[in-house]
Structures are given as C-alpha cells and as structure tokens.
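Generate the whole structure from the sequences, applying the supplied hints.
One line per chain: the protein sequences are A and B, in this order. The first sequence runs 16 to 292 under this note's numbering. The second sequence runs 35 to 423 under this note's numbering.
Since the hints were derived computationally from the structure, they do not count as laboratory data. It is possible that some hints are incorrect.
Simulated crosslink set (SDA-like; lysine to any residue; CA at most 25 Å straight-line) [unchecked claim]:
#1 A:Lys116 <-> B:Met405
#2 A:Lys88 <-> A:Pro147
#3 A:Lys144 <-> B:Phe324
#4 A:Lys144 <-> B:His302
#5 A:Lys116 <-> B:Thr384
#6 A:Lys279 <-> B:Tyr294
#7 B:Lys265 <-> B:Gly286
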Amino acid sequence: MDNKRRKFLKIAGASVLAGIGAPAVIKLTAATPALASGHGEAPAHAPAPDAHGGHAEEAPQGVRLGMVIDLRKMNENPEMLDSAIAACIAAHNIPEFPDKKNEVKWIWKAPFENVFTDHSASHSAAKVKNFPSVALCNHCDDPPCVRACPTQATFRLEKNGIVAMDFHRCIGCRFCMAACPYGARSFNWQDPRPYIKKYNKEFPSRMKGVVEKCNFCGERLALGQEPACVEACKGTGAIVFGDLNDAKSEIRAVLDKEFTIQRKPTLGTKPSVFYIV
Amino acid sequence: MIEKTLKGKPAYWIWLAFLGMFMAIGAACYVRQYNFGLGMTGMSRDVSWGLYISQFTFLVGVAAGGVMLVLPYYIHNYKEFGRITILGEFLAIGAIVMCLLFIMADLGQPMRALNVVLHPTPNSMLFYDAIVLNGYLFLNVLCGWVILTAEKKQVKPPKWIYFFVYLSIPFAISIHTVTAMLYCGLPGRHFWLSAIIAPRFLASAFAAGPALIVVACLVLKRVAGFDAGRKAMNKLITIIIYAALLNMFFVGLEFFVGYYSNIPGHKHSLEYLFFGLEHHGHVYNNLVPFMWAFVILAFGSIAVLATPAAKKNDFVLGMGCAALFLAFWLDKGIGFVLAGFVPNGLHEITEYIPTANELGITIGVWATGFMVVTLLYKIAIGVEHEVEG
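What follows is the structure, given as structure tokens:
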C-alpha cells in the first residue's frame, strides 16, 4: 500500500510544485522533490568509478545537481561567504560549539592550501596559501562515505545526485567520517540542541550520536527554493547551482567558459562541486 | 561443566573480585558516556576513532591468533598441542567478546546497533566484519564446548564437529583480513591505503595471540597445576618468533614505500608516529614514545625468545612473551588507528588524548575479557584434572 501512496504523493507533490514554484527552479528538482532525509529511499549505487580516475569521467544520466563556487568573487566581498555560512547554520539548526573538538560544520572557510591539498605549490604566494576558500560536501558521484556506511543511513539519491543522510538510521559508527577524504562530515559528540542559537522549526535538529553533513538543501529544493548558501549570494554569481547534465543550464555555461578545479580529483570520487580560483 | 567455576582457591576469588571491581568501574563510566554522548571521550571531528576502535583492532588479532594452535593440531595432527588447543579457542572467545563490547562502546547510538542486521549493506566492510566476528565467536563456543564435553566423558568428539573446526580456520583468517579491509579501502587516508595491511595484521596477530597463550600457560602452571608441556611451549616460541619477525619486516616495507617514493602523503603518518610531525612551527609527537617503545620491545623480546634461556627458564619465557604482546599492542592497539587520522583530509593536525572516563571503559572491557577467559580456563582445567583423576 505504501508504494501506491508514495507514488500518489509524489505526483501530487510535483503537481503542486509545478503550479506554484518558479519554473527555473523546478528544472533542478525534476518531477520528484528531493527530500532531505529520504526515508526508505532505495540507496543509490553510484556508477563504477573510472579506471584511471581523474578528469576523464563519464557523466551519469539524469538530473545531476552541482555547484560552481567562484572564489574570486567570494574574496572581493568577504562578508558574502560569512552570510552564506550563516544562512546554512540558520536553515539547518547547526549547533555552534565554542571548542574545535565538538565542531559541527556543513560549509566552512579554510585556507586554500587546506581545501586544495593537491593544488598547493611550494612557491605559491602567501596570498594564495591563505586565500580564504570554502569547503563543503562534494556530493560525489562515487561517494566513499556511502560505500562505507553499514546501515544505508547515508545514500546517494539517484534522481539528482545528492548524497543524503537519514539521521534516524545512523548508528554513529563514524566509518563515513574515516572514509570521506574531504572532512565534510561532522558527528554530534553530545546533544547539539543547547548550542543551536536560533531554532528553525522547518528543519529537524539532530540528536547526540549521529553524523550529519551538507545535504545540498534537499529540503529547500523540494519546496522550489534554492540552497540557502546560494540564496545568500544571490545576484553575485559567486555560487552557481544547477543541473550538470542540462546543456542549457547556467552552471553548464559557467563550466564551459571558466577554468575550474575540483578537490582531490585523483581519488576518483568525482566531486560535483567545482571552483573558479 | 559450568559448576567448575564455582569452586576455587581464595586466590581465584580474589582475582575474580579484582576483575569485577574494574568491570564495575567500566560500567559506571559507560553509563556516564551513554547519557552524555561520545563527547565524554577525547575523540574529535578530526580524530573520529580513538582507543575503542584501536583496542578492537588489536583484539581481533588476539582472537585470530588462536588459530596458530588449532591449525597445527587439527590439520597437521601435531599432538603436542592437544592440551592447549582448547586454551586458544577459549582465548578467542574472550577476545571477541571484548571486540564486540568495544564496538558497542564506540557507537553514538548503541540502541540502533541492530540496524546493521536490519539493513544489510553488502558494500560496507563493517557489515562483513559483523558477520565474521559473530561467526567466529559462534564457532569457537561450539567447537570448544563440544570437544571439551567429549573429553569430560572420555569419548571421541563427534565427527560432525570437525566440519566446524576446519571452518573456524578460514574464519580466523577472515576476521583479521576484513578488519584490515575496514582501513585499507579508504581513499584519501594514505597511511591505511596500503595493500600490506591485512598481512601485517595477520603477522602481528599470529605473534601476539600465541604470546598471550604462553603467558596464560605459565600462570596456569603456577596457580592451577596445569602443565602445557615443554615441547608445546617450544613450538609456540618458534611460531611467535617467525610471526613477529614477519610483522617487523612488513612495518619496514611501509617505511620503504613512504621514504623511498618520498611522497609526502605516504610519509606524514609515519613521521607523526616515529619522529613527530612539524606543522606551522609546532611539532606534533605525542605517539613517538609509544612507537619507539614498540620497536625496542619487539626486537628485544624477539632476541630474548630466540635465546636458549627462553626454552629452559619459565621466567625468561614469560617476560619475553609479555613484552612482545605489549609491543604489538603499542603498534596496533595504539599507533595504527590513531595515525590514520593525522593529518586529516585538509592537512590539519589534531592530536588525540583519551579522557579518564574513556580509559575507565577501556579497562572495564579488558577486565570483562579477562573474566570470560578466566572462567572458561577454569572449566577447561577443571575437566583436565578430572579426567586425569
């Protein structure tokens, strides 16, 4: 019975979205709203990794959400990145712990040489070394965290490529944290709720003992909205978000025009976050 | 046979009370951790596995080491091991119990542990680890118990049990191989991303497990009048020396790959472990003393065990084996897991220092393991004495 009802709900949801949502955004989410914690969604099995890894990758079919971050624009206007991070914290009830040990972060600032460990050079200028860069989950095509998770609490949504988390299924083994080469995952070492500055009722807060990370704002996409960080940088082109497989999308236009880099491409995880330096 | 645990000399009860005290401390610490969360430990976002998982990794080896008795006895019909094979099997039970307790202590949401079974995930190595660990535990309980019961009745063990005995041999190999695969399949963690992890684990297991059995035999000789026999001990020394040398050779190979290739990623963790890692003017080196203690104790104990004195003198033999066990504990039970996280994926360095609460739980789990092994050995020795009359 659940299957039928789910189908109905999906169609109904999509129809409502089609009616009220902005057409440009609906293209991102296709016909099926991408929910943040897709309960019971079949885990997506990523396509086999490239034999030689690296850049020569075969694009998977269907909607494939990605992001281009223009670090030049970010650095022209340093407050913009802070506001993007603040928007993420506000949207997802991310706790703010005073100490580094308990840190929970979905999108954060780090020096260039830390974010791009493979791109740092011995004679790069101090300006480049400490060039404020931004790190977040790469929503890899072949995510090592999904491979490692023993309970399918983290999984890849086949319909749009988002690597999502089911906080209610996570047993807190932290295998995914060991597996992620980008340090994109956080663990709730203690109850996060007392450290949430302003509670957003639209998004669940987490309990202690589970892993969490950036979800590309799947819950906002489902409502026809853009990710919170993208919205915070609206109009500047500092973050472009969209379907990597749609030849007519804005993100593809940027990718075709600009020289972009990915984080640790040699590992074959195929990140879908690109950077213009 | 269980009733044999209920009778013993005062020393036996004092020992059990001693262990029970640490178990109680561990339980109290665990309640604190359960209520507060894993923030009670020294683990952090950067070093997300600590003492619990490293103890688990080491103890899987101790469990697998039991196969070094089972294999010569059942496959090669090496009769000298007849009296102590059961000790190997029972030690494996105690070690696996510790492994499972350490995993439970490490979970953020222990009440959901069954999700591993409810949502089986064949792409996760942890799923296979759960299967082989529980399988090996079951096999050892079954084989140990059936064979001991037959011995008590002074009849031959039933034929069907041999199927499970032989099955337990690949299981012993697999528990440590799969545990190695937890680590060596992760991209971006250079220290663990090495094909030699599984062989290295097995070599260290085949030295550390039998070394602990030798120590146990020497203790049993003094306190329980159980003599494993000189020939069996000497054979065990040979096995331990070969396995220990292999382990040291494998560790050396890691150094070769790191330092000859000169790739920073392959060197960082080794540098951190043995020399201290310099980063932004600060040297991070809190594991260096442990690792040099490992090297010195390992080579020292191998040298001691290779002398004729070890074959004649129980004290020398016991000290040699205890030192070797400690050495490999330092290597695998401390260094290996922690160094994998240093530096982290963003080349940042965070050091890990366990908290008192975490140490309390760790000691409690070890005490539980020793309690299980003591009770099982009491049964095994009791049956032995009864048969001999």
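Problem set entry | Satisfaction of hint between A:Pro147 and A:Lys88, Cα-Cα up to 25 Å | holds (11 Å)
Agreement of B:Lys265 and B:Gly286 with the hint, judged by alpha carbon distance not exceeding 25 Å: violated (32 Å)
Does B:Tyr294 sit within 25 Å of A:Lys279, going by the straight-line distance between their CA atoms? holds (23 Å)
Against the 25 Å threshold, does the CA-CA distance of A:Lys116 and B:Met405 hold or violate the hint?
Since the Cα atoms of A:Lys116 and B:Met405 sit roughly 35 Å apart, the hinted pair is violated (cutoff 25 Å).
A:Lys116 and B:Thr384: Cα distance at most 25 Å?
-> holds (9 Å)
TODO: For the pair we were handed, A:Lys144 and B:Phe324, check the Cα-Cα distance against 25 Å.
DONE: Status violated; Cα separation ~34 Å.
* **Hint consistency between A:Lys144 and B:His302 [alpha-carbon to alpha-carbon, up to 25 Å]** => holds (20 Å)
In the structure shown, a violation is registered for the earlier hints numbered 1, 3 and 7, in ascending order.
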